[in-house]
Every structure is written in C-alpha cells, then in structure tokens.
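Enquirer: Chain by chain, the residues:
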Amino acid sequence: MSETKFHKILIFINSLIPLAMLLWDAYFGKLGANPVEFFLRSTGVLTLSFLLITLAVTPLRKLFGWNWLIKVRRMLGLYAFFYGCVHLITYSIFDKGFDWVVIFYDVWSRPFIAVGMSALALMIPLAVTSTNAMIKRMGGKRWQKLHRLSYVIAILGVIHYYLIQKSDITYPVLFGIVLAVLLGYRIYNRYKPKSPSLVSS
Amino acid sequence: MASFRIEYQVMSDPGKIKSSEITDEETYLNRRTFIRRAGLLAGTAAVTGLGYRFLNPPPPSEVDTAEIAKVVREAQSKLSDDLTPLTDIANYNNYYEFSTSKTAVAEKAENFVTKPWTVSVDGLVEKPTVFDVEDLFKIEQEERIYRFRCVEGWSMVIPWVGFPLSKLIEKVDPKSKARYVAFQTFYDGENPTGKDVRFPKEPSGMQSTFFAGIPLPYVEALRIDEAMHPLTILATGIYGKRLPNQNGAPIRLVVPWKYGFKSIKSIVRITLTDKEPPTTWNIQAPNEYGFYSNVNPEVDHPRWSQATELRIGELIRRKTQKFNGYSEQVAKLYSGMDLRENF
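If you're matching them up, the sequences are chains A and B in order.
The opening residue of the first sequence carries number 0 in numbering that gives the first Met the number 0; numbering runs sequentially from there.
The opening residue of the second sequence carries number 0 in numbering that gives the first Met the number 0; numbering runs sequentially from there.
The hints are simulated quantities; they were obtained by calculation from the structure and are not laboratory data.
No experiment lies behind these values; they were computed from the predicted model shown.
A couple of the hints might just be wrong.
[Said to hold, decoys possible] Pulled a few chain A residues facing chain B out of the computed Cβ check, cut under 8 Å:
#1 Ile12
#2 Ile16
#3 Gly31
#4 Ala32
#5 Asn33
#6 Phe93
#7 Val100
#8 Val106
#9 Arg109
#10 Ala113
[As the list claims (entries may be wrong)] Result set (DSS-like, lysine-lysine): computed pairs, CA atoms no more than 30 Å apart in a straight line:
#11 Lys176(B) / Lys331(B)
#12 Lys95(A) / Lys318(B)
#13 Lys176(B) / Lys165(A)
#14 Lys29(A) / Lys176(B)
Quick reminder that beta carbons are idealized off the backbone N, C-alpha and C, glycines included.
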C-alpha cells in the first residue's frame, strides 16, 4: 500500500469517528433531553470544522512543508459536504417533517436558513467536480478557480452559525477568527513581495 | 550447556543460520510499516475520538434534591400528556447566569448555595416584607402539572410543586395603584468576591454579563391581573422534590401560558409598581421578545416559526396551542388586545 493510500485511509476513518460516536450515543439514548437538536448542532459544527480544516491545508503545507496533505484535501472537502448533507437531512426530517412547503417557507423567510442552504448548495458543484477525471476535463486553472468558492462557502457557514445564536456568540466568533486567519494568510501570500520558493501554489 | 553453546555459535557465526530463517528485507520493512501505520491509525483515532468527546460532550443526567414533606396532589391530572422525565427537566435548562449551553447549566450550578434565602416583597404595598424562603415552604404546597413552552420551540410537561403567587401578594396587602409586579433573580456574577451583601455565602458560580450576553440581573414582570391569576404559581419543587439549582432553586415563577423565559428563576425580589417594568429579553431584543410573550402559534419569532414545538422525548414536532392550551382560563385577560401588536 502506498503512503498516499494510507494517508487517505487514515483521514477517511478519522473523519467518520465523530459521526460514529454521535450515532452510538443516539442509539444508547445518550444525546440528552433534545437529541434532535444535539444531533443538528453537532453535524452543523462538524460541517464548519471540516470546511476550516480543508482551508487549513494550504497554509499548513506552505508553513510546515506537509505536502502529503494536498492528497487528502479533496476528501476533507467532501467530508464537509457529507456532514452538511447529514445536517440538512436531519433538519428536513426531524425539524420540518419533510414538509417541502414549510421548508421553502423557512428558506424564504429566515435569513439564517437561507444562508445555510446557499452554503450547502454552493458545495454541490465542488463535490461534483472533485474527481480526477473532472479536474482533467476542466483543466487545473479553471478547476482551481471554481474551487475558490470554498472561501465563500466557509464565510456563509460562519454567518449561518452566528445568526442562530440567541446571545452567546463565542463559538461563531471563534470560527470566524480561524477563518479570518486562514483567508488572511492567502491574501498576505498573494500580495507579499515575491521571494524564490520551492513550493508553488 | 547445550543451549549455551548454540547461542554462542549463533553470535559468533551468523553465517550458520539457514537462509530460509532470515526475514527478507521487504517483509521486514513491510512489518515495520504495518506496525507504524497501525499505531498511527489507532493513535489518531484515539485522539480524534477523545478530542471529539472533550469538545462535544454528551449531556449529563443526574438529579438529587430533598423530598418535599407534604404535597397536595390533584385526584386526577387534567392533562393527558405524558410527564417529561426528571432527568430531562433537570439537564436541559436555559439559565444564562450559569451557562448559555442548556446542557452545561446543571454542572455549573452545582455549587450554588440557596440556603439561607430571602425574598423581599416591596413597592406599592402596605406591608413590605422580607420573607425567609423556609416560611414560604410552609405555605400549602400543591402539585401543578403544566405544559411548559420555551420560546426556542421546545416544550415539556412538568409536575411543579408550589403555591399561587396571589397568596404571597395578598400577604403584603397591595395598594390599589399597583398595576404591575416585577421580579428579580439572584445575581453575583459581576462581583469579584462572589459575596452578595444580603447573602454572604460562597460564590454562586454565576458568570458575568459579558459571557451571558444579556443584561443581568435577570428581571421579569407581569401585569397585576396576570400575577393574581390562579394558574400563576411560585414553584418550589418538581416531581415532589425541591427544585434542583439549575431549575431555579429555591423559588421561581411559573406562568404556563407564556413562553418559558417569563417564568423567572431563583427570585430574590418582588416589587409592585404602577409602570410597566423592564424585562430582560425585551431589553436584549425588543423586536423579538415582547412584554407579554404569550404562547401564540400565529405570531412567529422573527427568526423562527412558533407554529410547532418539539415536545422533549418525542422526535416529531407537534402543533403549538394558543396560550399553550390555557385559552379557556386566560384568554379573557387579553380581550380587545391586538396580540400581534402586543406579542
């Protein structure tokens, strides 16, 4: 087994652990008084976490030379999409009883739902174009351009999280700060004076 | 002796080992790789699992308070709804003084000392009085099984123990000018020594306004006719036991036809006034939380629907009832009022 394949398995399994533990706790009735809310919150935060982890790949590579990370970046992004879908399905079934009218009304009338839905919708083209074949078909440059949408998605994700809070905004602000650092790093990199470097973007 | 000799031979003459017994290099390296990878996999999985547990711990579930000696119970409950289990009632709390996480309040409120405790009743009354809560415990303790609907869209069915608020108000002889009743929760979160002047005891564990995100101390209020309504009670217990700290020990308000945040916890002061008193959530977000805050499925919260609610213990949301199902008893209090305007 090649090192790359091993890294993929490593990330694959680790990324599934939170879901496995959530399902385990759910099965044994250990999600507290409001299991649906707990599950919904947890999958939402996991989606945002995977988005930020995905965006952390480039800075980590450049700062520490962990180039193997690039091979698992698409998988991390797909996990963000996966947890986002679980989040949406939980909301649709348990919170809205799969009632499309109610869901459409919710999207229409509640900014935080609209923002969350947009973020997830924007992830669809990225997930669809995540295969090697698609990268080849689109060409690396165009593919990269499209996948810069992930910046917008992460910003929408943080806004979505911020809007649902009643008063305590600690966690949304924390996520926001991490996101600002990750995006700030890219801006800094783009405009800093060029110096000879072995690592290309 | 023989074995010694063999070992000696092995050490001095490795060439004597049959080539078939030597692990070939590829297998040797593979084994090393395998062990390293298995270790990495197990190690990272353990770190991920423990990290996840630490960052997103499952909610706790224990309750331990004193039994209330004499509780007057209804012969038969008027509510057909199933009671919400005590562990859920006691581990899913909005009590921002302790934590903004509903599942963390129970633990944060663990060391909150509620004995001794006094409730001062003042304002537009003939006989302003500071009551020892132990004396309020001596008022006939009735069980009242009420639906409880939170503004966030969840609900419970709770067997409270307590007495009508009117019994307390009558004791202080309200003046005729009194039109509103204001309530205040104990608060020492901004006090670095944690010692309240009137309650010199251990710090409660309450946090500052900065972390709670709402102005504190928490204040609430009712119109005098709402306060005197027979459904409005001061609760001192649930399930026949004294209130757990996280549920508002030692004494709290319960107004079953209003959103839960009106039912203020851990009361230290009750003041009768002639002007509409400020209320915490209304100060925080006036367009989201009105003074009345009667449960009303027809008037949505600006950010979410109030048409349905999740009954704790169920998985599918149920329809919310107007006045939380107490229309028959309380709708007349609001006749002629625009409930959309006075939300």
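Enquirer: For every hint, state whether the structure bears it out.
Expert: Now for the hints, and whether the structure bears them out:
{"no.": "1", "hint": "Ile12", "verdict": "6 Å, holds"}
{"no.": "2", "hint": "Ile16", "verdict": "5 Å, holds"}
{"no.": "3", "hint": "Gly31", "verdict": "3 Å, holds"}
{"no.": "4", "hint": "Ala32", "verdict": "4 Å, holds"}
{"no.": "5", "hint": "Asn33", "verdict": "6 Å, holds"}
{"no.": "6", "hint": "Phe93", "verdict": "6 Å, holds"}
{"no.": "7", "hint": "Val100", "verdict": "12 Å, violated"}
{"no.": "8", "hint": "Val106", "verdict": "12 Å, violated"}
{"no.": "9", "hint": "Arg109", "verdict": "6 Å, holds"}
{"no.": "10", "hint": "Ala113", "verdict": "11 Å, violated"}
{"no.": "11", "hint": "Lys176(B) / Lys331(B)", "verdict": "22 Å, holds"}
{"no.": "12", "hint": "Lys95(A) / Lys318(B)", "verdict": "12 Å, holds"}
{"no.": "13", "hint": "Lys176(B) / Lys165(A)", "verdict": "36 Å, violated"}
{"no.": "14", "hint": "Lys29(A) / Lys176(B)", "verdict": "52 Å, violated"}
Comparing the model with each earlier hint shows violations of hints 7, 8, 10, 13, 14; every other hint is respected.
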